[in-house]
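Protein chains in written order, with this note's numbering: chain A, 1 to 136; chain B, 1 to 136; chain C, 1 to 407; chain D, 1 to 407.
Everything labelled a hint here was simulated from the structure, so no lab data went into it.
It cannot be assumed that every hint is accurate.
Heads up, simulated DSSO-like pairs for lysine-lysine below, C-alpha to C-alpha not over 30 Å straight-line [what the hints assert, rightly or not]:
id : chain 1 : residue 1 : chain 2 : residue 2
1  : A       : Lys65     : A       : Lys49
2  : D       : Lys259    : A       : Lys110
3  : B       : Lys33     : B       : Lys110
4  : A       : Lys49     : D       : Lys42
5  : A       : Lys110    : A       : Lys129
6  : C       : Lys23     : B       : Lys130
7  : B       : Lys110    : B       : Lys65
8  : D       : Lys42     : C       : Lys23
9  : A       : Lys110    : C       : Lys23
10 : C       : Lys42     : D       : Lys23
11 : B       : Lys32     : B       : Lys129
12 : A       : Lys32     : C       : Lys42
A partial selection of chain A residues facing chain C, derived with a Cβ cut-off under 7 Å [claimed, not checked]:
id : residue
13 : Gln18
14 : Glu25
15 : Gln39
16 : Ser53
17 : Asp73
It should be emphasised that the depicted structure is a prediction, and the values quoted were computed from it without experimental measurement.
Ideal placement from N, C-alpha and C gives every residue a C-beta, glycine not left out.
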Amino acid sequence: MTISEKQQELLDELNLFQDWTERYEYIIGLGKKLAEMPQELQTNEALIKGCQSQVWLDATHADGKMNFLANSDSVITKGMIALFVRILDGESPDSVIAADLSFIDQTGLKEHLAPTRANALSLMAAEMKKKAVEFS
Amino acid sequence: MTISEKQQELLDELNLFQDWTERYEYIIGLGKKLAEMPQELQTNEALIKGCQSQVWLDATHADGKMNFLANSDSVITKGMIALFVRILDGESPDSVIAADLSFIDQTGLKEHLAPTRANALSLMAAEMKKKAVEFS
Amino acid sequence: MSDFDPARIRDDFPILGQEVHGKPLVYLDNAATTQKPEQVLKVSQEYYSSLNANIHRGVHHLSQLATAAHEDARRTVATHLNAHRPEEIIFTSGTTDSINLVTNILSRSGKISSGDEIIISGLEHHSNTVPWQMLCEQVGAQLRIIPVLENGTLDLDAFENLLSSKTKVVSVNHVSNAFGTVNNVIHICSQAKAAGAITVIDGAQSIPHQVIDLQLLDCDFYAFSGHKVYAPTGVGILYGRYDLLAELPPWRGGGEMIKEVTFDHTTYNDPPYKYEAGTPNIEGGIALAAAFDYVNNIGINAINAHETRLIQYASESLSTLPGITLYGPENRVGAISFNFDGVHHFDMGTLLDQMGLALRTGHHCCQPLMARFGITGTLRASFAAYNTIEEIDLLTAGLNRALDMLR
Amino acid sequence: MSDFDPARIRDDFPILGQEVHGKPLVYLDNAATTQKPEQVLKVSQEYYSSLNANIHRGVHHLSQLATAAHEDARRTVATHLNAHRPEEIIFTSGTTDSINLVTNILSRSGKISSGDEIIISGLEHHSNTVPWQMLCEQVGAQLRIIPVLENGTLDLDAFENLLSSKTKVVSVNHVSNAFGTVNNVIHICSQAKAAGAITVIDGAQSIPHQVIDLQLLDCDFYAFSGHKVYAPTGVGILYGRYDLLAELPPWRGGGEMIKEVTFDHTTYNDPPYKYEAGTPNIEGGIALAAAFDYVNNIGINAINAHETRLIQYASESLSTLPGITLYGPENRVGAISFNFDGVHHFDMGTLLDQMGLALRTGHHCCQPLMARFGITGTLRASFAAYNTIEEIDLLTAGLNRALDMLR
Ligand SMILES: Cc1ncc(COP(=O)(O)O)c(C=O)c1O
Ligand SMILES: Cc1ncc(COP(=O)(O)O)c(C=O)c1O
């Protein structure tokens with residue numbers, strides 16, 4: 001699947017839900033399914049500091065593909081980064097850098113989140129691209 | 001005339017006027033008719049400090065009677081003290097001390113004056129009584 | 001109490017009829033700010049539509065009306081607090097401004113110097129912490145902290161031990177915004193006075209909920225914000241004992257606070273004007289008085305009884321939830337703070353918001369207190385006269401639903 | 001200009017329809033405070049009836065709406081002033097608060113010390129005088145005064161001579177509230193900058209009357225009050241150049257202005273929050289932005305043209321009155337100040353008030369300026385967008401009538 005196919009799939013899934021409580025449930029579920037991030041990778045360097053919650057992001061590169069590991073003390077934040085991981089994990093650094101992540105706007109998430117959380121979304125996306133740059 | 005007769009006369013005169021502009025005109029006129037206060041009596045000790053205007057008050061005592069001299073840099077303030085002078089000048093210290101000066105409330109002046117001016121009215125009355133105490 | 005009817009009170013607050021995310025709004029963030037009744041908003045509107053003018057020294061009619069309304073408001077506040085005289089009431093822009101006024105005039109007074117000590121508590125809001133840290137830095141004094149016990153109350157024995165001849169100031173909140181703890185400020189003030197210290201009470205969270213009698217409290221300063229007691233934002237009060245106000249130096253310089261200005265020498269006005277430089281929030285002050293009128297009309301004791309019932313009911317309902325920790329002592333005022341094992345308060349707050357439930361999450365501007373309990377924050381439900389038992393049921397149901405999602 | 005109609009504007013200000021002492025109100029005290037249009041009052045009401053909540057860190061919907069509205073207001077103000085970025089806009093409680101913020105952070109910065117000099121002018125309001133006197137006293141600096149010429153303008157040659165390497169700050173008003181003098185602040189700022197001084201502009205009387213382009217002005221700080229530009233009382237702005245704000249220490253301590261608080265060590269937030277301790281006047285800030293929207297809707301240049309016509313007409317009409325002295329230069333902005341030989345300004349103001357004419361009398365918080373001219377005060381008529389030529393005719397007639405009574 002291309003990045004944009006993966007994005008469409010995600011949007012379709014989210015649109016299955018009538019209300020935001022269910023959407024949150026789904027996003028939280030995505031977070032729970034994230035591959036576990038070893039404690040020793042949750043360092044200060046890996047930390048993306050939000051307002052009330054914290055996210056750790058680790059990126060590695062093998063066989064031309066980016067691998068992302070992430071965790072958060074907030075399950076909703078974890079779900080949010082899981083959205084990005086699902087789209088970008090396994091892609092080449094160049095694809096990650098080039099990826100149009102505006103699908104996030106189509107989810108309506110930003111309007112539904114505390115501005116600090118919406119901000120965190122942009123921060124996460126930027127951070128993932130930055131990591132890709134390191135490996136490109 | 002007793003003090004209260006003098007007060008009634010004054011109230012009657014003020015009530016002749018329909019509007020406040022005319023009343024002010026009358027009060028200013030009273031001020032202009034005040035006996036002149038020699039410059040050398042307008043000392044700092046004689047000063048009753050108001051907010052925007054100044055009043056000087058001098059009191060002497062002869063033959064059992066109080067004599068008041070007053071001046072102000074504001075002709076309206078001068079008119080106001082002239083009201084009191086008209087009532088209290090020539091009275092005995094004890095009569096001044098005992099005088100019920102609530103006639104001022106009946107003039108409606110207080111409601112019509114800036115609070116600082118209304119305050120000045122009370123200050124003036126108090127000052128005249130204080131001078132009377134010195135001679136009683 | 002029998003004729004106290006929150007439904008009738010709610011009618012005064014149209015904002016409460018709103019929907020949020022398609023759900024009826026349940027506003028439980030009153031410790032952050034209360035909503036404003038129409039009676040108060042009307043006073044603000046009327047001020048601007050009939051008497052707005054700059055106050056003091058104005059020779060014209062509107063200015064006189066505005067000045068009279070402003071000074072009436074001061075008297076209303078003085079009466080509400082049982083101050084000794086209206087001149088003890090200083091209009092500020094809020095609690096934070098009030099406390100900074102105190103710390104700055106004390107800093108300039110020469111009354112506190114190197115080696116002296118200031119006592120605050122571990123329960124304080126940042127607004128009653130940071131200004132004292134700044135003062136200590138300026139004059140070289142030491143900050144001493146009354147420790148917080150496991151139940152969220154102050155360790156008053158430790159307080160007694162902290163007190164000494166070095167203690168120059170004791171500043172504590174009356175009610176903790178984070179936990180709802182009520183401090184025994186009468187006791188604290190009397191002990192502090194006995195040690196010769198100046199006493200400062202942060203009343204931001206007590207003024208909305210109970211009778212405040214400053215002559216009984218006998219503190220030197222008492223600070224609060226209008227916006228937490230049904231009045232608009234941007235206005236607050238500092239009560240100060242008159243003789244202290246007369247003696248201490250001014251803070252902000254400007255119009256009104258002076259007697260006479262020359263470039264060589266400026267003399268200052270008497271309290272309270274000495275501490276009210278510039279055009280005050282004239283409308284805000286008048287609206288604050290209207291808010292007190294509103295409260296007195298309902299009866300602060302009736303409000304207190306109602307809120308006590310709400311908090312007790314909330315404590316009981318919440319205790320039944322799995323994995324909950326309630327902070328603070330049993331007899332809370334105004335607010336109840338809690339966490340769930342393994343659940344981030346921010347996540348819970350986010351989901352509650354989706355259900356129309358407005359709570360506050362985080363450190364509540366009390367980071368040292370959070371650190372004391374080893375947490376990054378809590379969920380806090382806080383109450384006002386218009387809250388209802390039904391809303392607490394909605395909260396409990398919402399928490400249950402969210403717990404299912406989050407665990 | 002052709003479609004500028006003060007009658008239509010007056011409809012937005014119901015208070016102007018009032019009678020005072022049985023006469024139609026003629027409100028000519030706008031330099032003290034302006035009236036508020038219904039458009040602004042409506043924004044305040046709507047704030048409280050639909051989105052009131054405490055801002056920042058709030059997880060719930062209302063808090064997010066209120067935060068967004070507050071930050072939108074900051075952007076509106078930044079755009080209106082042509083600031084470089086919104087973070088240069090600090091919400092304060094008014095001009096006086098803004099200037100005291102500057103003097104206090106400079107005082108704490110260590111940038112000014114014994115022997116240094118601060119230049120202000122002889123035209124300043126007490127709010128731009130007393131805070132600098134206090135600063136000088138704190139750090140041992142000297143206050144230097146730009147003299148006022150006979151025509152009420154600043155002696156700019158003398159200013160150049162005052163400037164030296166000792167000059168650390170130059171602070172002047174843009175427009176004098178007492179005389180309506182417009183200072184050449186672009187020139188003053190560029191000279192001050194060349195001498196390495198920090199520049200502070202008191203914009204209280206320029207913001208209501210003309211385009212303010214801070215990038216053109218190129219000052220370091222610019223202060224004004226909302227209530228003088230059609231917004232409510234209790235809110236003001238301090239613009240500060242970002243790099244200076246980032247570098248200077250904070251003033252008030254409390255919530256919002258911190259990054260992290262521990263009892264041992266507190267770190268501060270970034271500008272503008274570093275300077276906004278505590279709950280701000282949320283409603284006031286939003287209403288201030290609404291006032292700018294209102295002004296921009298009419299067009300500040302149209303307002304300026306109208307007011308210029310009013311002032312010119314007033315200057316001509318008043319000049320014909322016997323024994324009048326007009327203060328200040330010909331090209332006044334906003335206000336015209338005058339006295340009559342042998343007449344006390346307070347007496348004149350009192351009689352005008354009886355005729356419904358609201359003017360200000362006294363020293364206008366500029367005692368040093370009054371002393372410079374050997375007077376205790378003046379009568380001042382000051383104008384806003386809603387004033388009319390007819391009102392000036394009423395003023396002239398009223399002055400004539402009062403002169404008859406007073407002489
Ligand atoms: C030039 C000038 N500076 C400062 C001020 C003080 O403004 P505020 O009283 O709103 O703080 C005023 C208002 O009177 C003014 O006209
Ligand atoms: C106990 C306490 N103190 C001080 C404050 C600060 O009040 P404000 O933000 O209105 O200045 C608050 C409000 O959050 C508070 O709850």
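Each hint, compared with the structure:
no.	hint	result
1	A:Lys65 - A:Lys49	holds, 26 Å
2	D:Lys259 - A:Lys110	holds, 25 Å
3	B:Lys33 - B:Lys110	holds, 22 Å
4	A:Lys49 - D:Lys42	violated, 39 Å
5	A:Lys110 - A:Lys129	holds, 19 Å
6	C:Lys23 - B:Lys130	violated, 71 Å
7	B:Lys110 - B:Lys65	holds, 29 Å
8	D:Lys42 - C:Lys23	holds, 26 Å
9	A:Lys110 - C:Lys23	holds, 19 Å
10	C:Lys42 - D:Lys23	holds, 26 Å
11	B:Lys32 - B:Lys129	holds, 23 Å
12	A:Lys32 - C:Lys42	violated, 51 Å
13	Gln18	violated, 10 Å
14	Glu25	holds, 5 Å
15	Gln39	violated, 16 Å
16	Ser53	holds, 5 Å
17	Asp73	holds, 6 Å
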